[in-house]
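Chemist: Chains as they are written, first to last, in numbering that gives the first Met the number 0: chain A, 0 to 319; chain B, 0 to 319; chain C, 0 to 319.
Among the hints, a few may not be true.
A pair holds if it fits inside one copy or across any two, identical chains being indistinguishable in the list.
[Stated by the list, open to error] Straight-line alpha carbon distances no greater than 20 Å define the calculated SDA-like cross-link-like pairs of lysine to any residue that follow:
no.: 1; residue 1: Lys92; residue 2: Gln62
no.: 2; residue 1: Lys92; residue 2: Asp30
no.: 3; residue 1: Lys179; residue 2: Ser31
no.: 4; residue 1: Lys309; residue 2: Leu295
no.: 5; residue 1: Lys304; residue 2: Leu128
no.: 6; residue 1: Lys92; residue 2: Glu38
These aren't lab readings, by the way, just hints derived from the structure by calculation.
Each chain, letter by letter, is given below.
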Amino acid sequence: MSINEFSSLEKCKQDVETITHFYEGIPAVVDSLAASCNEEGSFDHVGPSPVPSREMVVQIVNQARHILFPGYFSSTRLDLVSLEYYLGQETTKLFSNLASQAVLSIQHDCLRYDQACTQCKQRGHEIALEFIRALPEIRNVLSGDVRAAMEGDPASSSHDEIIFSYPGLFAIMVYRMAHKLSELEVPLIPRIMTEYAHSLTGIDIHPGAVIGKSFFIDHGTGVVIGETARIGERVRIYQGVTLGALSVPREGGDRLRNKKRHPTIEDDVIIYANATILGGETVIGARSIIGGNVWLTESVPADTKVFLKKPELVYTGNNT
Amino acid sequence: MSINEFSSLEKCKQDVETITHFYEGIPAVVDSLAASCNEEGSFDHVGPSPVPSREMVVQIVNQARHILFPGYFSSTRLDLVSLEYYLGQETTKLFSNLASQAVLSIQHDCLRYDQACTQCKQRGHEIALEFIRALPEIRNVLSGDVRAAMEGDPASSSHDEIIFSYPGLFAIMVYRMAHKLSELEVPLIPRIMTEYAHSLTGIDIHPGAVIGKSFFIDHGTGVVIGETARIGERVRIYQGVTLGALSVPREGGDRLRNKKRHPTIEDDVIIYANATILGGETVIGARSIIGGNVWLTESVPADTKVFLKKPELVYTGNNT
Amino acid sequence: MSINEFSSLEKCKQDVETITHFYEGIPAVVDSLAASCNEEGSFDHVGPSPVPSREMVVQIVNQARHILFPGYFSSTRLDLVSLEYYLGQETTKLFSNLASQAVLSIQHDCLRYDQACTQCKQRGHEIALEFIRALPEIRNVLSGDVRAAMEGDPASSSHDEIIFSYPGLFAIMVYRMAHKLSELEVPLIPRIMTEYAHSLTGIDIHPGAVIGKSFFIDHGTGVVIGETARIGERVRIYQGVTLGALSVPREGGDRLRNKKRHPTIEDDVIIYANATILGGETVIGARSIIGGNVWLTESVPADTKVFLKKPELVYTGNNT
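Next comes chain A alone, as it looks inside the complex:
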């Protein structure tokens, strides 16, 4: 063994020792992490109650999508013979997954907040059945949303393009599912659903909002529709539109819980990009048009156009 070989072996041994040495630091970290789980004000989920799974909720959204738009997102080709079998299989899977997540989310609430837990299992299955019973109606309403997109966007080239790729349609679909579950008073799951859509589309619709038929959101990134917003039929909105609350005091946001804090938009209104409409008492009257960048905290009568007065721009040569 040459001196070089020896020193290289030594080097390698030292390396291993050094790295082993680092691993010895882990147990102390783990102890301190475990200790912090017992501290007041620390958030963990340790205990008998299993939690709903975000991954399963995402899967439920995608299973429902297979049923709402049969043939578009499945890898197998559907024909009239296989359709009913396919729908049967998918609906059963959806029912079963949703029932189990609904049970978990109800139990989670019970155990976490020490409420009486009566028949969680039965209630979870009831909810899942009511949800799948609502699917034909949701499907029907979504067809109207697809047609509204086709009419409202000159860049759309087919209904299929809208179904395959429009983020607005995806966000509205997920909202319509989540709203149904929110009406059925399921905890946690509706918001996990809409935040999943928010993450994919930049469109943030609270499950509690009430939105009429033939709704179209174009582009959509940055749209915020608050919990107590009410939107009529055939409304069209563009990217960056906020239907929000006036303001939330530094302390005591609690006082505002369950109050109407977000605006009402009546039928056939169009709201252009980046307009902001705030306040629970603000009503945008039917058939009105709100221009881009408008910032509104007051009601507008029906059949009104509201535009920003042309802002004064400063033009200068480039070298000044």
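Chain A is fixed; fit chains B and C onto it per the hints.
Modeler: Below, chains B and C alone, put in the same frame as chain A:
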């Protein structure tokens, strides 16, 4: 068997019966879903025509990315010996996947709209070959986009950081692929591609837009670039910039199809955050600078700076 | 064999020949791609240095999330007995993955920029150990962020809902990890982390920013917080808020590198939706409130409310 054990067994039996009872509700739902697939105005994809797969289109984007930036996103290490083999393998896979999706999307259009279907298979393969033939040029243009990001962003610390993590570069890469496919008149796939990038980046570039070399988008969330926008070379834009259409009438968006509805941005223009530029006849002249939040519906000559006149702000003490 | 059968066989043969013919076009494309990898100004990653993996970095973020919020995102149920074992296992995996990626990112910098590479392996492990040692403190700070969300958002219905679904909390969590790694001078990884969060949330926080305790971002899409921004404690911001740089000259962005270019926000400030605050010398004094859409490039004293003067709106009947 004690009374307790018995009653617990009874309880369990009842549970099973209750839940079985819920499952009995499923067939009626399935019938009504299947029935709704035959209704007028309902969207499904049932029939002989297989559909392009969104998942495969996403895979195509990522395969092309492996080829456009070799070594950055692959799990295997590349050296000069393995490079050609790697590129050969990846390009063949890409060709074959794109050809099959292109065939599907052309067939889909044929069958869906009852057009004459002539040699879909051949055309799909032609398209795929023309696409991979364009890759060296796209690669070249993207190198210019990387350099533009390095020059335009003082927070960038290396070209590699830009390639690994900048959302603007990703959106531009996907747009450049999708635009090529859009020139080759492939249905559906280009828009599925750009909406995939939109979903990951918040940047919405229509595949039909025409964008010159050395384009840089910083941050990017909320950017919208419309179908008929034209952008010159060395243009830089920031988050929330809209290059959009003036307005879309409540009915008859159809009239606007295939008209130039979005602005033209000449060489070396900079557009700061959340500026909105609208209209097909609006031209921003070369080397002009458009300030943040500016809202423009008219042309601007070359070498002009346009800023919002400092808005009047209301300052008050916090307790008033 | 009938004539028809014959011609159909012929057709099939021709088809195969046609398609084979297309495959013959691939090698030329591969040659030209391989050639372009040797060109000046082209980006590839061919050579002895392995690269950090974006996928592994994403996995590291999610492993750290399992440790920071135990029980929320794991598929297995945790109890007090299994908790320490779980934390031990997850922390060891995290340490080992982070160490290997840190080593790769340091080596990558060495080899790429011809710097002297001294003890990359040791340094990578040191970094990973310092990072996991910081986890209890990060966990503690994040608990404050969760409580700030509960207080600041009247639509929040439980701490769990915030942890499961609020994008703002996710973006802040990833920022707090990435900032720690940025303090430890790890190349590439911090930015890959924050851009992963940006992609999922639309919230773009540079790892270099310094952000105090109890930070709340509501909705969040479009938020940009620049590299040299400084944010105090108990600050609350809404969607579309930019804390950005004044402007970047057309050439010579380089001059601005490492200078303070982004504003300072003192304790207890609230910044409403789509406000833009720019410049390295701009300071928003403690307890101030910045209204929606405000565009600020100057400092504001403590205890001030700044609102947009009500913009003049043009109201017209709908038919004019």
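Chemist: Now tell me, hint by hint, if it's right for this structure.
Modeler: Taking the hints in turn, this is what the structure says about them:
1. Lys92 with Gln62: within (8 Å within a copy, 29 Å between copies)
2. Lys92 with Asp30: This pair counts as between: shortest inter-copy Cα distance 16 Å, intra-copy 42 Å.
3. Lys179 with Ser31: For Lys179 and Ser31, the Cα distance is within 20 Å only across copies (18 Å; inside one copy 43 Å).
4. Lys309 with Leu295: both (16 Å within a copy, 9 Å between copies)
5. Lys304 with Leu128: neither (45 Å within a copy, 51 Å between copies)
6. Lys92 with Glu38: neither (40 Å within a copy, 25 Å between copies)
Violated hints, in rising order: 5, 6; the structure is consistent with all others.
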